[in-house]
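Visitor: Take a look at the letters that make up each chain.
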Amino acid sequence: MGTDLLSAYAELHLHTNYSLLDGASHPEELIESATELGYRSLAITDHDNLFGAMVFARLCKEASIQPITGVELTLAEDEHCLGRRHHLTLLAANREGYGNLCRLVSLANGLDLVDQNQRERRRLDPCLPVRRLAEHCAGLVCLTGCRQGLVASLTAGVRVAEAEVALRRWVDWFGHERVFVELQDNLVHGDRARNRALAALARKVGVEIIATGDVHYHDRARHRLQDVLVAINNRTTLDQSHQLRRPNREFHLRAPELQLRRFLEFPDAVANTLVVAEACAFDLTEDLGYRLPEPPVPPGHTPD
Amino acid sequence: MESSPRAKVGSHRIRPLNTPVPVQLRVDAGVPTAVLQRAGWRRVDLVEEVWRVDDGWWRPSQVARTYFRLALEGGHMITLYHDDIEGTWWVQTY
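Protein sequence lines correspond, in order, to chains Z and R.
Quick note on numbering: the first sequence equals residues 1 to 304 in the numbering used here.
Quick note on numbering: the second sequence equals residues 1 to 94 in the numbering used here.
Check before you lean on any hint, since a few could be wrong.
Ranges of calculated distance between the beta carbons of each label pair, as one might list FRET restraints [stated by the list, open to error]:
| id | chain 1 | residue 1 | chain 2 | residue 2 | range |
| --- | --- | --- | --- | --- | --- |
| 1 | R | 27 | Z | 278 | 40 to 46 Å |
| 2 | R | 75 | Z | 124 | 49 to 55 Å |
| 3 | R | 74 | Z | 204 | 31 to 37 Å |
| 4 | R | 74 | Z | 94 | 52 to 58 Å |
The following residues of chain R were derived to be distant from chain Z, with all beta-carbon distances above 10 Å [stated by the list, open to error]:
| id | residue |
| --- | --- |
| 5 | 21 |
| 6 | 32 |
| 7 | 38 |
Derived by calculation from the structure, the hints in this document are not laboratory data.
Since this is a predicted model, take the numbers as computed values, not measurements.
All residues carry an ideal CB built from backbone N, CA and C; glycine is no exception.
Generate coordinates for the entire structure from the input sequences, incorporating the hints supplied.
Guide: As structure tokens, this is what we get:
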């Protein structure tokens with residue numbers, strides 16, 4: 001395998017099993033697969049939490065893979081998150097971005113809710129009123145999300161004018177250079193047509209496109225566990241969860257050369273994964289600058 | 001005795017909608033390049049879309065299919081799939 005192919009793609013939308021009852025692989029398994037496939041950069045984007053971010057980052061560093069810290073945030077347009085929800089992928093570009101990521105995750109999990117019952121409900125079902133996102137955009141790269149992202153779902157529903165409004169809002173909040181329209185192709189019926197429409201929208205608004213894998217497991221065979229997790233999460237059976245489960249086994253971590261072939265029509269989308277990986281230089285294992293306090297010790301003793 | 005009204009219209013020959021029908025193809029690297037229809041072989045001009053369905057792995061009759069939406073010479077569109085378990089090809093309206 002040529003080194004050109006090895007470094008040609010970075011996976012920027014990936015769920016570990018810390019995406020509770022959705023991701024079906026441990027960080028160790030994903031990173032081992034990434035190493036075998038020749039990845040140089042890998043993002044973690046679990047749903048509404050950073051539980052696995054540190055272990056992911058440490059394991060990546062041990063495997064000589066650049067770890068990128070991110071989240072897939074659940075948003076709602078209304079203040080109480082009662083309406084329809086959508087997803088947005090956010091990646092920390094720098095330390096300020098990581099701080100904002102932490103704040104957004106905390107808010108999505110109900111940190112600022114005074115009522116105990118409301119806070120507990122939000123903790124079990126995280127969601128952020130979208131207006132709170134505007135206050136914490138600095139230092140973040142915004143990928144417009146999976147099929148459940150606002151831009152993608154409006155585009156697929158042929159509501160292109162509304163999709164454009166949504167996309168321009170992200171551009172206003174994050175900046176032109178930090179917004180990428182996310183294209184996904186997991187061999188799901190409609191992926192190709194949606195990607196063409198999204199690419200046209202990106203051109204119109206003047207933002208770049210980016211390819212992601214919407215990874216939910218490290219190996220194809222693990223799709224079975226992912227199906228089971230979805231059924232459990234929705235308190236139903238495998239038979240009854242047909243509309244809720246993913247339609248196929250193509251949400252695994254793919255070889256970079258396969259992504260290149262999958263997105264032949266959109267070479268920029270693949271190339272931009274490396275642009276974003278380079279921009280997201282924040283290293284969770286090194287850049288927080290934690291220093292342990294030095295306790296006073298009697299003469300002749302050490303802190304240990 | 002009056003004959004069944006269904007016999008007049010030949011409804012016993014009506015096939016339920018969307019039932020897959022076996023099809024003969026020429027294939028290159030897993031992708032159809034020509035389809036045998038009543039009028040003969042028709043070349044595949046364009047693979048418009050490819051998608052996969054994997055379902056029911058917990059049942060004896062699981063589904064593992066790769067679908068192709070094809071534009072044939074002459075402009076006719078067709079949807080067919082490869083049954084990955086049986087190794088067979090079928091035409092199916094999708």
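Visitor: Note whether the CB distance of residue 75 (chain R) and residue 124 (chain Z) lies within 49 to 55 Å or breaks it.
Guide: holds, 54 Å
Visitor: Over 10 Å to the closest beta carbon of chain Z is the bar; see if residue 21 (chain R) clears it.
Guide: holds, 20 Å
Visitor: Is it the case that residue 38 (chain R) keeps its Cβ farther than 10 Å from each residue Cβ in chain Z?
Guide: holds, 27 Å
Visitor: Is 52 to 58 Å respected by the C-beta to C-beta distance linking residue 74 (chain R) and residue 94 (chain Z)?
Guide: For residue 94 (chain Z) against residue 74 (chain R), whose Cβ atoms are near 57 Å apart, the range 52 to 58 Å holds.
Visitor: Quick check for students: does the CB of residue 32 (chain R) sit more than 10 Å from each CB in chain Z?
Guide: Per Cβ check, residue 32 (chain R) is outside 10 Å of chain Z; nearest 16 Å; holds.
Visitor: Is the distance from the Cβ of residue 27 (chain R) to the Cβ of residue 278 (chain Z) consistent with 40 to 46 Å?
Guide: At 41 Å between Cβs, range holds.
Visitor: With 31 to 37 Å as the target window, see if residue 74 (chain R) and residue 204 (chain Z) comply at their CB atoms.
Guide: holds, 35 Å
Consistency note: the structure conflicts with none of the earlier hints.
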